[in-house]
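> Sequence:
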Amino acid sequence: MSHEKYQSLVQTLHECMEACNHCYDACLGEDDVKMMADCIRLDRECSDMCGFLEQALVRGTPFASELASVCASICEACGNECKKHDHDHCQKCADACLKCADECRKIA
Numbered sequence: 001m002s003h004e005k006y007q008s009l010v011q012t013l014h015e016c017m018e019a020c021n022h023c024y025d026a027c028l029g030e031d032d033v034k035m036m037a038d039c040i041r042l043d044r045e046c047s048d049m050c051g052f053l054e055q056a057l058v059r060g061t062p063f064a065s066e067l068a069s070v071c072a073s074i075c076e077a078c079g080n081e082c083k084k085h086d087h088d089h090c091q092k093c094a095d096a097c098l099k100c101a102d103e104c105r106k107i108a
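Heads up: the sequence shown begins at 1 in the UniProt record's numbering, then just goes up one per residue.
Mixed in with the good hints there might be a few duds.
[To be verified] Straight line, CA to CA, 25 Å or less: simulated DSS-like cross-link-like pairs of lysine-lysine: (1) K84 <-> K99; (2) K92 <-> K106; (3) K83 <-> K99; (4) K106 <-> K34; (5) K34 <-> K5; (6) K34 <-> K84; (7) K84 <-> K5; (8) K83 <-> K5; (9) K83 <-> K34.
Treat the hints as calculated values from the structure; they're not laboratory data.
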């Protein structure tokens, strides 16, 4: 199967998607949700893109490099935003996003 060469990236994308979804949900429970708006927005964007790229790689997309480049940019933006917040969920999300951005760049 052609997607097997991307197995490590598929796992990293899935972990990033889960971290973003957790961060998104946890941000909605913070006292100052308005302050978390950019984080929430980027969590959703990043989660959606990681999920899409994961599916695209598994089905053998011919656009792996192009999609990975876009995904890396979104993951990096999300990771940088999450790093600004001291919440544990934001810090864990930042780590997952920046790791995913690095992995995506390897095939971009």
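> Does each hint hold? Answer for all of them.
Hint by hint, here is what the structure shows:
1. K84 <-> K99: This hinted pair holds, its Cα atoms lying about 17 Å apart.
2. K92 <-> K106: Given that 25 Å is the threshold and the Cα spacing comes to 22 Å, the pair holds.
3. K83 <-> K99: holds, 13 Å
4. K106 <-> K34: Not OK: K106 and K34 at ~35 Å, beyond 25 Å, violated.
5. K34 <-> K5: Judged against 25 Å, a Cα distance of about 41 Å means the pair is violated.
6. K34 <-> K84: OK: K34 and K84 at ~15 Å, within 25 Å.
7. K84 <-> K5: violated, 34 Å
8. K83 <-> K5: Outside the cut-off at roughly 31 Å; violated.
9. K83 <-> K34: It holds: about 17 Å lies between the C-alpha atoms, which stays within 25 Å.
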